[in-house]
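Chemist: One-letter residues, chain by chain:
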Amino acid sequence: MNPRAWVTLAKGVVLESVRRKDLWVVAILGFLIMASAGALGFFGMSGLEAFAKDLAGTVLGGFGTIVAIIISTRLMPDEIRQRTLYPLIARPISRFDLLMGKYLGAVAVTTIAFLILTALVGVSLAMFKVGYEPVMLQYVLVRLMGLSIVCAVGIALSLVMTPNAASTMGFVLAFGSGLIVRALVMAYETSPGPMQPVFRVVNALVPQYGLFDLSGRAANQGWGPAPAWVVGTLILYAVGYSGAMLALGWAKFRRQAV
Amino acid sequence: MNSPAIAVHDLVVHYRNRHGQPIEAVSELSFTVQAGEIVGFLGPNGAGKSSTLKALMGFVEPARGHAEVMGLPAGSIAARKRIGYLPEVAMYYPFLTPRETLRLYGELQGLRGRSLRQEADELLDMVGLGPAAGKQNRHLSKGMLQRVGIAQSLLGSPSVLILDEVTSGLDPVGRRELRDLLRARQRAGTTLFFSSHELAEVEMLCDRILLIDRGKLVEERQIDELKDELRQYAFTFSGQVSMVGLTDQLRSLPGGLTQAYFDDKESLLTGLERVHEASAMLVDVVAQEGSLEDYFVNAIGRAA
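Protein chains in written order, with numbering that gives the first Met the number 0: chain A, 0 to 257; chain B, 0 to 303.
For the record, the hints were derived by calculation from the structure and aren't laboratory data. One thing to keep in mind: the hints can contain errors.
Computed from the model, here is a short list of chain B residues facing chain A with C-beta under 8 Å [said to hold, decoys possible]:
no., residue
1, Tyr14
2, Val59
3, Phe94
4, Tyr260
5, Asp263
With a Cα cut of at most 27 Å, we get these calculated DSSO-like pairs of lysine-lysine [unchecked claim]:
no., chain 1, residue 1, chain 2, residue 2
6, A, Lys20, B, Lys141
7, B, Lys134, A, Lys10
8, B, Lys215, B, Lys264
Cβ atoms here follow ideal geometry from the backbone N, Cα and C, with glycine treated the same way.
Generate the whole structure from the sequences, applying the supplied hints.
Modeler: The structure is reproduced here in structure tokens:
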């Protein structure tokens, strides 16, 4: 393991992303959200703070997820397609280091994009006279943990299937995981006993992105921040699931002929 | 005795086709490259050159056999620390500048701080990219990208340079500069192993060539020996002189002149003696360098 190489590779991903103006697109998106919010504010939406916060949380989560999937599913395939991979793997670093560096780069770009969006959505919320509360900071941090899983899943998928299939699968998992989990729970409850462990296992394999959405808690005053043990459990889940996904990707990539 | 810089033993590299069947790209290939040598790796398209180089770098795993670089298992991190590699197609991050590209690779090579910045700038100057060091790679020509590639391969002063199609995209001036650069590296003790289709470059640069076809070693020659072997001698004379037993390559020229061609120097000298003994008039004597291209085509043809 070579953590210095991880940082170097991650810096490279961020620099490329900034130069490619990926983050400009995010900023423009944020300004559009802000302008829309401003227009709604002009027509008057007083008393709808909870709705505005809920909407803001959904928008942030949605766009953050889109950015995470697009960035993470293209990193490794681009390296192979553009043949920029060769000078990298010719260096004295392992393929695990390469994967970790790319993963951290994807997480860094997603985090920057998410924070830009959060800042601009925050300005939009201010138009509705909604102030910042500690639960909003917790919402952002927990959401970023969830996005780190999205990045790990994206990178793993991009190593086991084509880039287009990986991004499609990434979107299906990210936006459909709630539905999938509900369907699995229903199937578990209605299925005969011997089948239930199967649904349990499948449910454990599906990424539980819904756990990282605290927008309801952020929107409803009085609920307050989630307890520390919940956040701790979420951190453990994020680290464990991301680690498992990266291990899956590495298992495919470590001996792959390039 | 020191271990060779590169040692390849019975190397077999397979790829799988779309149906999952193995296709042999390299077939029981064995050779060595001694430290400080410049060895050219030649062969027609699809001969297995790039696959061999990739196996040396650990980009593909051999199905059988093994390879070592500086006594270390090929592809290992320890071996890669001592290798500078230039890929066949030079592609570098389009939105980074050559300077940033070299610093990124340098950091991955384990270099840091001011010494890395200095080395990167020196290498960029050395390959003639100093003025373009701040331009993004996507704005550089193919030849300039190749220079970025050459510069990155020299980062950290590697003991062994493995260069795939090294002269690709370079103009004649660039090729000459590259030759000078690589020779300087050799004088400093670096071993060079490179593939190329540019036979003239190979001839000017190499100590030895390895010729492969269909994954197998066809010939292994010292370049000086080969050049001697390929060199042809000829002289032109007037009058009647028998060249029986020396050459049958005689050409009649206008004015009663005859031109005789010889494959080796000894035959030429004997022929000259016969001209002298017959009191014939000698018009000229020439030595013609043989064509490496003809040798290449013939050797591949013989192996087929």
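Chemist: Next step is simple, just say for each hint if it's right about the structure.
Modeler: Results for each hint:
Restraint check, Tyr14(B) versus chain A: the minimum CB separation of about 7 Å is within 8 Å; hint holds. The closest approach between the C-beta of Val59(B) and any C-beta of chain A is roughly 4 Å, which is under the 8 Å cut-off, so the hint is satisfied. Checking Phe94(B) against chain A by beta carbon gives a least distance of about 4 Å; that is within 8 Å, so the hint holds. Restraint check, Tyr260(B) versus chain A: the minimum CB separation of about 47 Å is more than 8 Å; hint violated.
At its closest, the beta carbon of Asp263(B) sits 44 Å from a beta carbon of chain A; the interface hint therefore is violated under the 8 Å criterion. Taken as a hint, the Lys20(A) and Lys141(B) pair is honoured in the structure, with Cα atoms around 24 Å apart against an allowance of 27 Å. Using a Cα cut-off of 27 Å, the hinted pair Lys134(B) and Lys10(A) holds, with the two alpha carbons roughly 19 Å apart. For the suggested pair Lys215(B) and Lys264(B), the alpha carbons sit about 33 Å apart, so the restraint of at most 27 Å is broken.
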